[in-house]
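As they're listed, the protein sequences go chains A and B.
Adding 75 to a residue's 1-based position in the first sequence gives its number in the numbering used here.
Adding 229 to a residue's 1-based position in the second sequence gives its number in the numbering used here.
Mixed in with the good hints, there may be bad ones.
As a list, the in silico SDA-like pairs of lysine to any residue whose alpha-carbon atoms are at most 20 Å apart [what the hints assert, rightly or not]: (1) A:LYS177 x B:VAL392; (2) A:LYS166 x B:LEU309; (3) A:LYS166 x B:ALA393.
Listed next, with one range per pair, are the computed distances between beta-carbon atoms [said to hold, decoys possible]: (4) A:LEU170 x B:VAL330: 14 to 22 Å; (5) B:LEU373 x A:THR167: 41 to 49 Å; (6) A:ASP171 x B:PHE305: 21 to 29 Å; (7) B:VAL360 x A:ASP169: 25 to 33 Å; (8) B:VAL330 x A:THR167: 21 to 29 Å; (9) B:GLU396 x A:LEU170: 19 to 27 Å; (10) B:TRP325 x A:GLY128: 32 to 40 Å; (11) A:GLY128 x B:GLN361: 20 to 28 Å; (12) B:THR335 x A:LEU170: 16 to 24 Å; (13) A:LYS177 x B:ALA340: 37 to 45 Å; (14) A:GLU132 x B:ARG319: 46 to 54 Å; (15) B:LEU257 x A:ASP171: 18 to 26 Å; (16) B:GLY364 x A:PRO129: 22 to 30 Å; (17) A:LYS177 x B:THR344: 46 to 54 Å.
Short, incomplete list of chain B residues facing chain A, as computed with Cβ under 7 Å [to be verified]: (18) ALA245; (19) ALA252; (20) TYR279; (21) ALA284; (22) SER322.
Quick caveat, the hints were computed from the structure, so don't treat them as lab data.
Cβ atoms here follow ideal geometry from the backbone N, Cα and C, with glycine treated the same way.
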Amino acid sequence: MTPLAGFLIVAALVFSIGLAIALTRRNAILVLIGIELMLNAANLNLIAFWRFGPHPEALTGMMFAIFSIAVAAAEAAVGLGLVIAYHRHSKTTDLDTMTRMKG
Amino acid sequence: MIPTLFGLTLPFLILAALTIAGAVAAALLRNLVHCALSLTITFAGLALLYLNLDAQFVGFVQMLVYIGAVAILVVFAILLTRGAGMPEYRSFSSNWLLGLVLAAATFALLAWAVTLSLPASAASAAPAVTVQGIGVALMTTYVLPLEIVAILLTVALIGAVIVAMPEAKSAKSPSAGKAGAQ
Chain A
76 MTPLAGFLIV AALVFSIGLA IALTRRNAIL VLIGIELMLN AANLNLIAFW
126 RFGPHPEALT GMMFAIFSIA VAAAEAAVGL GLVIAYHRHS KTTDLDTMTR
176 MKG
Chain B
230 MIPTLFGLTL PFLILAALTI AGAVAAALLR NLVHCALSLT ITFAGLALLY
280 LNLDAQFVGF VQMLVYIGAV AILVVFAILL TRGAGMPEYR SFSSNWLLGL
330 VLAAATFALL AWAVTLSLPA SAASAAPAVT VQGIGVALMT TYVLPLEIVA
380 ILLTVALIGA VIVAMPEAKS AKSPSAGKAG AQ
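Please put together the full structure from these sequences, using the hints given.
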């Protein structure tokens, strides 16, 4: 197995675990955690392809990962703010009972 | 020479095991605070994997943003929603088996594609990337995405504060009406 394949397999595992968290857990915060894990797996792919690609001095993959981290941070802030607002309104973070978001 | 196993170096295997173990623990633990802590272990493992890939800047950005900010944000959200301790409802969704099968199928597809399609490329020499070079690239080639990300972060943070803020108007009017009735 080449080093690149090793990194890609690890990224695929992290992505699948994030997907499993997002699909199976009932707490809204944990679903956001699963989405964060999936974004991180994509970042690991970008960095691995940047490192083992033909032109690592071009910095393209690294820049993509940096911007992706910034977007993920914004997503986490907004998502957790939404969960807190919903909890203030309905006193629950259980996704199975979250059926409406209208105030 | 670093010892290798199946063509993979020992530091990589240790970091990969750490990352995967943290992610699995986050998926399986029932206490939300424990989930957040194992998530932090996964973020740290990913940061160390970036360092292993000679991407020092991204590795330290990952540590600052994810371990420093996102993990703290998650813990705050858990504590503000009283999610600490054992949950009052079952942790897993009623159709958890379907989700697990979907995730496993996704991993099988990705792993199959990775093992089938990659050429046996050896690692090239470590690229000489300096923080100065990254800064110059951000200010020249990538200046438009940088400005867009700056606007996005500002909008997202203001929006998060507005969304999470108590509704001042609707909270005030019932209490004012109550005070008037009394």
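Taking the hints in turn, this is what the structure says about them:
In summary, the hint linking A:LYS177 to B:VAL392 is supported, as the alpha carbons are separated by about 13 Å, within the 20 Å threshold. A hinted pair counts as satisfied when its Cα atoms are at most 20 Å apart, and A:LYS166 with B:LEU309 qualifies at roughly 11 Å. A distance of roughly 14 Å separates the Cα atoms of A:LYS166 and B:ALA393; the hinted pair therefore holds under the 20 Å criterion. A C-beta distance of roughly 19 Å is found between A:LEU170 and B:VAL330, which places it inside the suggested range of 14 to 22 Å.
Checked against the given bound of 41 to 49 Å, the beta carbons of B:LEU373 and A:THR167, roughly 42 Å apart, stay inside it. Checked against the hint of 21 to 29 Å, the C-beta distance between A:ASP171 and B:PHE305 comes to roughly 24 Å, which is consistent with it. Under the hint 25 to 33 Å, the C-beta atoms of B:VAL360 and A:ASP169, about 45 Å apart, miss the expected range. At about 27 Å, the beta-carbon gap between B:VAL330 and A:THR167 stays in the expected band of 21 to 29 Å.
At roughly 23 Å, the beta carbons of B:GLU396 and A:LEU170 sit within the given window of 19 to 27 Å. At about 38 Å, the CB distance of B:TRP325 to A:GLY128 agrees with the hint of 32 to 40 Å. Separated by about 22 Å at the C-beta atoms, A:GLY128 and B:GLN361 satisfy the suggested range of 20 to 28 Å. B:THR335 and A:LEU170 have their C-beta atoms about 20 Å apart, which keeps the hinted 16 to 24 Å range intact.
For A:LYS177 and B:ALA340, the hinted distance range of 37 to 45 Å is satisfied, since their beta carbons lie about 42 Å from each other. A beta carbon spacing of about 52 Å between A:GLU132 and B:ARG319 agrees with the range 46 to 54 Å that was offered as a hint. Checked against the hint of 18 to 26 Å, the C-beta distance between B:LEU257 and A:ASP171 comes to roughly 19 Å, which is consistent with it. A beta carbon spacing of about 24 Å between B:GLY364 and A:PRO129 agrees with the range 22 to 30 Å that was offered as a hint.
The beta-carbon spacing between A:LYS177 and B:THR344, approximately 48 Å, falls within the hinted interval of 46 to 54 Å. This hint holds: B:ALA245 has a C-beta 5 Å from the nearest C-beta of chain A, less than the 7 Å allowed. A least Cβ separation of about 4 Å between B:ALA252 and chain A falls short of the 7 Å threshold, and the interface hint therefore holds. Interface restraint check for B:TYR279: the shortest CB-CB distance to chain A comes to about 6 Å, inside 7 Å, so the restraint holds.
Interface restraint check for B:ALA284: the shortest CB-CB distance to chain A comes to about 5 Å, inside 7 Å, so the restraint holds. The restraint placing B:SER322 at the interface with chain A holds, with a minimum CB-CB distance near 5 Å, inside the 7 Å limit.
Checked against the numbered hints above, the structure violates only hint 7.
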